[in-house]
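Novice: These are the residues of each chain, in order.
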Amino acid sequence: MHLIKTLLRRKLNWVALPLMLLFGFTALLAPWLAPHDPEQVDLSQRLAAPGAGHLLGTDHLGRDILSRLIWGARVSLGSVLIIISLVMLLSLVVGCASGFMGGITDSVLMRICEVFLSFPTFILAMFLIAVLGMGMTNVVLAIVLTHWAWYARIIRSLVLGMKHREYILAARVAGTAPWRLFVRHLAPSILAQLLILATLDIGHMMLHVSGLSFLGLGVQPPTPEWGVMISDARQYIWTYPEQILFPGAMIFLAVMAFNIPGDTLRDSLDPVIRAEEV
Amino acid sequence: MAFLQVTRAVSTDGSVWRTNRAIVCEWGRRMRIWVLAVVLVSAAAAVPAAGPQTLVYSWSGNVGPLNPHLYSPNQMFAQAMVYEPLVRYTAEGGIAPWLAAAWEISADRRIYTFHLRHEVSFSDGTPFTAQAAKKNFDTVIANGRSHSWLALVAVIAEVRVIDDHTLQLILKQPYYPVLEDLALVRPFRFLSPAAFPPGGQTADGIRAPIGTGPWRLAESRLGEYDLFLRNERYWGFRPKIERIRVKVISDPNTCAVAFQAGEIDLIYGDDQISPFTYMLFRGDRRYSSGTSPPLATRALALNSAHGPTREIAVRRAIQHAVDKEALVKGVLLDTETRADTLLSPTRPYCNLGLTPRGHDPALAERLLDDAGWRRTDDERFRSKAGRPLSLDLCFIGKSALQKSIAEVVQADLQQVGIRVLLKGVEEDMFGKYQKEGAFHMIFNDTWGPPYEPHAYCSSMRVPSHADYQAQAGLPMKADIDAWIARVLVSTDENERRRLYREILSTLHDQAVYLPISYTTGLMVHGPDLAGVAYGPTRYEIAFEAMVKKQAATGLSPATEGHHAQLHP
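As they're listed, the protein sequences go chains A and B. Count along the first sequence starting at 1, add 180, and that's the number in this note's numbering. Count along the second sequence starting at 1, add 541, and that's the number in this note's numbering.
It cannot be assumed that every hint is accurate.
[Stated by the list, open to error] To give an idea of the interface, some chain A residues facing chain B are shown, with a C-beta separation under 10 Å as derived from the structure:
id, residue
1, Arg226
2, Pro401
3, Thr419
In case anyone wonders, no lab produced these hints; they're calculated from the structure. If you're wondering where the values come from, they're calculated on a predicted model, not measured in any experiment. The beta-carbon is built from N, C-alpha and C at its ideal position, and this holds for glycine as well.
Assemble the whole structure, with the sequences as input and the hints as a guide.
Specialist: Below is the structure:
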């Protein structure tokens, strides 16, 4: 409840939150919302202008752009959801192990983290795809592998901060098993903060997926994806600018819709900013 | 994204000051470069371009070390600029004298005697003699393994120097396309003896790219450009243009934008720009444009040794399922013409009257049904004995044209219940798939004249070619290879006709290729360039005939419209 109040205090969120919901519903209900089959090629209808038959027109192979955008939302949001869950899982395991056990485990895990943190994520992702091969599965894997380290470090610091709190010490003294200690006492508060961190990054991950797909490394045709649509529309930029405009606008709006609430949440968690507001 | 990275760096290690300072420095550096660039550009605009006549062309990569006897990464158009053959292929399909002014063929067709031109020298001053020619022939033959696709290399028994300007080729057995093979861009062209490496074998590399041609390579900058200068020692027609700068532009869209901005003078060749951009330029009165006659065949190879395409019924169904007419019209925008046979009937020995396989989805479905690939009404794809009818189609990922064609083929095949997985890969991987036969369907263009039909057929016997891999599963593959071997050494014209008919009609009947269209070269240039014409092959560009009109040099794109009014 407190969370929603914080969010609503910033006016921009009045736009961003409904947009977020809209994208979510579009992705969920794509098969029912799309007026046409997004993969239906009809060369006689190529590059049709927006109109009654095709609300946003058709692409260079005569496919309905609106339907492709709607299905594209599913691909983008779906892949980001999977990426975030996998990143959370991996970083939670590494971060907790590192923070909880300390010692040599901590040192080894953190050095591995540093290796991943020292490369620009996009370059590292491209390298991993070159090794793993192209395709959506590998793009998801590559993005997970390039992003977990940052989260792992944050989780480690959260665990370290909590490890010596009185209630944890009390639980330990009472003889609680480490696993139970983690599930009952540590995980709830870590997970809450982690979820907020994750929303921060949805926009960023979306750009990653679209960027890699734009380069032809991600989704394989004919699956509709916004980055791929932009790539396909490149050669028509002077003559049919709407071809590139529509998917571009989708990426812009989606990233914005997820970034603005994320930013608000981060600000509300930041003790410095909170102190200033008070 | 860069911004996100920076904020993270700040928040995790707290080195705000350092990061900010780095940004400030970076900006300062950029600003200085920009200011410098602006000053330079305005200076360049103020001074009318006097300098030597320079033609700017573009290519997707650097031209390579220009070893005349080797293949990739050496680019053929550039090899043809620097090196010359003994004889040349003409537009009419004949052979004309070039470095050899005349030749005689012995009665048993095993001895070819060439009389070399006298006044020819390499661009380093070394005279072109029979000894120099023999040195080149010998090093090519010594590296025969690299040339296994070209039967002539293995057929030459000996190269003899009769005198300074008479050279004799002695063959192990008669081989009818000797002159055609000598006319090829590689490997039978001539490097200056002074440029041979210490070991004497060009397979190990060359000292410098020095040939007898009208151009010499002056400078190469990796990823930027290659600069060719006119060869002032050239024996033949002296080009008007003095310098050719070949910019590296790998993407067709960038190429088109660079052309519009006046950064390049000429678009010429297949795959330089997309058909769509070509049509835009064609409708623009400021530019001259043209398409070449059909050059080669755009085709898909269907693998007879691997996957569901092993079955002839599937291969034949594919032929009838794809609507080539729509593809040519909707994707290629009629810049190319529909292909019904693997080799165009206009090629020698290829006018066979083979029956075209027209677009007929109902027939395709019937063929598949009869072969046991069935689907129920609620299934999208066919299957047989629990195995789905699923094929992959490999294409070069960055090629927008191949991607579009692949997507249309995919949609057409899905109509008849064949599932197609598209595999867009990068070029090295694509070559690997071709060589290893790791495909069901793959783009595989033919080579065009002067390779067709003899050298192209000859290469079908070499396992490292997609053609061999695609045919490997045919029950009569051994016969095909034997026919090819025979046709190349046959001295009887009628027998050759019969054998080519045998080879090409078998391949057609077995449906191991899906011919799509006969490719053309697309050519666009501004009004300040004249003499641009298509040569007889897709591998040579006749820069030497081009002229840049002096009045137009140095015109900025902004004044081009005015210029066009002078030449409506």
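Novice: With reference to the structure, classify each hint as holding or not holding.
Specialist: A quick look at each hint next to the structure:
1. Evaluation of the A:Arg226 hint against chain B yields a held restraint, the C-beta minimum of about 6 Å falling below 10 Å.
2. Checking A:Pro401 against chain B by beta carbon gives a least distance of about 5 Å; that is within 10 Å, so the hint holds.
3. With a cut of 10 Å, the hint placing A:Thr419 at the interface with chain B holds, because the nearest CB-to-CB distance is about 7 Å.
In terms of the numbered hints stated before, the structure departs from none.
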